[in-house]
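Visitor: Sequence:
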Amino acid sequence: MGKIFEIAIDGHAGVGKSTTAKAIADFFGYTHINSGDIYRAITYVLLSKYENEKQAFKKGLNEEQLNFLHTIRIENHHNIFFYMGEVCKLRTDDVNVFVPYIAQVKEVREHVHTIQDRLIQQAPRGIVMDGRDIGSNIMPNADLKVYLTASAEIRAMRRFKECGGDYDEILAQITSRDYMDTHRKHAPLIKTADALEINNDHLKFDEQVKIITDRVEEIKRKSPDPYL
Numbered sequence: 001m002g003k004i005f006e007i008a009i010d011g012h013a014g015v016g017k018s019t020t021a022k023a024i025a026d027f028f029g030y031t032h033i034n035s036g037d038i039y040r041a042i043t044y045v046l047l048s049k050y051e052n053e054k055q056a057f058k059k060g061l062n063e064e065q066l067n068f069l070h071t072i073r074i075e076n077h078h079n080i081f082f083y084m085g086e087v088c089k090l091r092t093d094d095v096n097v098f099v100p101y102i103a104q105v106k107e108v109r110e111h112v113h114t115i116q117d118r119l120i121q122q123a124p125r126g127i128v129m130d131g132r133d134i135g136s137n138i139m140p141n142a143d144l145k146v147y148l149t150a151s152a153e154i155r156a157m158r159r160f161k162e163c164g165g166d167y168d169e170i171l172a173q174i175t176s177r178d179y180m181d182t183h184r185k186h187a188p189l190i191k192t193a194d195a196l197e198i199n200n201d202h203l204k205f206d207e208q209v210k211i212i213t214d215r216v217e218e219i220k221r222k223s224p225d226p227y228l
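Under the working numbering, the first residue of the sequence shown carries the number 1, and numbering increases by one thereafter.
Any given hint could be a false lead.
[Claimed, not checked] Calculated pairs, DSS-like style, for lysine-lysine (alpha carbon to alpha carbon, straight line, at most 25 Å):
(1) LYS210 with LYS220
(2) LYS185 with LYS54
(3) LYS3 with LYS49
(4) LYS185 with LYS58
(5) LYS161 with LYS89
(6) LYS3 with LYS185
(7) LYS3 with LYS106
(8) LYS3 with LYS59
No lab work stands behind these hints, which were simulated from the structure alone.
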C-alpha cells in the first residue's frame with residue numbers, strides 16, 4: 001500500500017489559489033479542498049442564525065455564538081458545502097464582508113481545523129488543499145508546499161477585469177485583507193521555509209500549473225516510498 005500525496009497551497013486573497021489547486025487535483029485525480037469556502041460556509045451559517053447581530057461579528061463572537069459554532073457540522077460534496085441539508089450560499093455580499101472577521105476568531109479556526117482533518121482522512125488517493133495556513137498549520141508535513149504570490153496591484157486589476165467595479169476600492173479591499181491575514185493572532189498567513197514560492201505576476205496559468213505538476217512528479221520519482 002502506498003501513501004496519499006499531500007499538497008498545501010497558500011497565498012493572499014486573489015492570487016489564484018483555488019483555481020490552481022483544482023487544476024492540480026484534476027491533473028492527478030486527487031481530492032481538492034477549498035479551505036476558504038469552509039470559512040465562508042461557517043460565516044453563512046452564523047449570519048443566517050444571527051442576522052440582527054451581524055455587525056458585532058467585526059469584534060468577535062459572544063459566548064452563545066461560540067457555543068452554537070461547535071454544533072455546526074458542515075458536509076462537503078465535491079466542494080459544495082451543506083449545513084442541515086441546505087446548500088451554503090458562499091458568495092453573498094454579507095459573507096464577503098464578514099468572513100475576514102469570523103476567520104480571525106481562534107475558536108472558528110480550531111473548528112475549521114477539525115473539518116479539514118476529517119476531509120483529509122477521507123481522501124482516497126491524494127489531496128490538494130488551499131488556504132492561508134495550510135502548509136504552516138493544517139498540513140505541516142505535506143509532501144509539497146506551494147506559496148503563491150502576486151502584487152496587490154496585479155490582483156486588483158485581475159479582479160476588476162473579472163468582476164468590474166471600482167479599481168481603487170478593490171485595491172483597498174485587497175490591501176486591507178492582506179494585512180488582516182498576515183497580522184491576525186491565530187495562524188497568520190506565512191511562507192514556510194520549505195515552500196515553493198511562485199510569483200505569478202507575469203505567468204500564464206498553464207505555466208504556473210506546470211511548475212507545480214513538474215515538482216510533484218520530481219518528488220514522486222525521488223521518494224523511496226510509493227504513493228497511491
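Visitor: For the pair supplied as a hint, LYS161 and LYS89, confirm whether the alpha-carbon distance does not exceed 25 Å.
Guide: Judged against 25 Å, a Cα distance of about 24 Å means the pair holds.
Visitor: Would you check the hint for LYS3 and LYS185, treating anything up to 25 Å between C-alpha atoms as holding?
Guide: Roughly 34 Å between the alpha carbons, so the hint for LYS3 and LYS185 is violated.
Visitor: Compare the distance between the alpha carbons of LYS3 and LYS59 with 25 Å, and conclude whether the hinted pair is satisfied.
Guide: Violated, at roughly 42 Å.
Visitor: Regarding the pair LYS185 and LYS58, is the alpha-carbon distance no greater than 25 Å?
Guide: holds (15 Å)
Visitor: Hint check: LYS3 vs LYS106, CA-CA at most 25 Å. Holds or violated?
Guide: Roughly 31 Å separates the two Cα atoms, so the pair is violated.
Visitor: Would you check the hint for LYS3 and LYS49, treating anything up to 25 Å between C-alpha atoms as holding?
Guide: Violated, because 41 Å separates the two Cα atoms, which is more than 25 Å.
Visitor: Would the hint linking LYS210 and LYS220 be met if the CA-CA limit is 25 Å?
Guide: holds (15 Å)
Visitor: For the pair supplied as a hint, LYS185 and LYS54, confirm whether the alpha-carbon distance does not exceed 25 Å.
Guide: Roughly 22 Å between the alpha carbons, so the hint for LYS185 and LYS54 holds.
Violation of the numbered hints given earlier is confined to hints 3, 6, 7 and 8; the remaining hints are satisfied by the structure.
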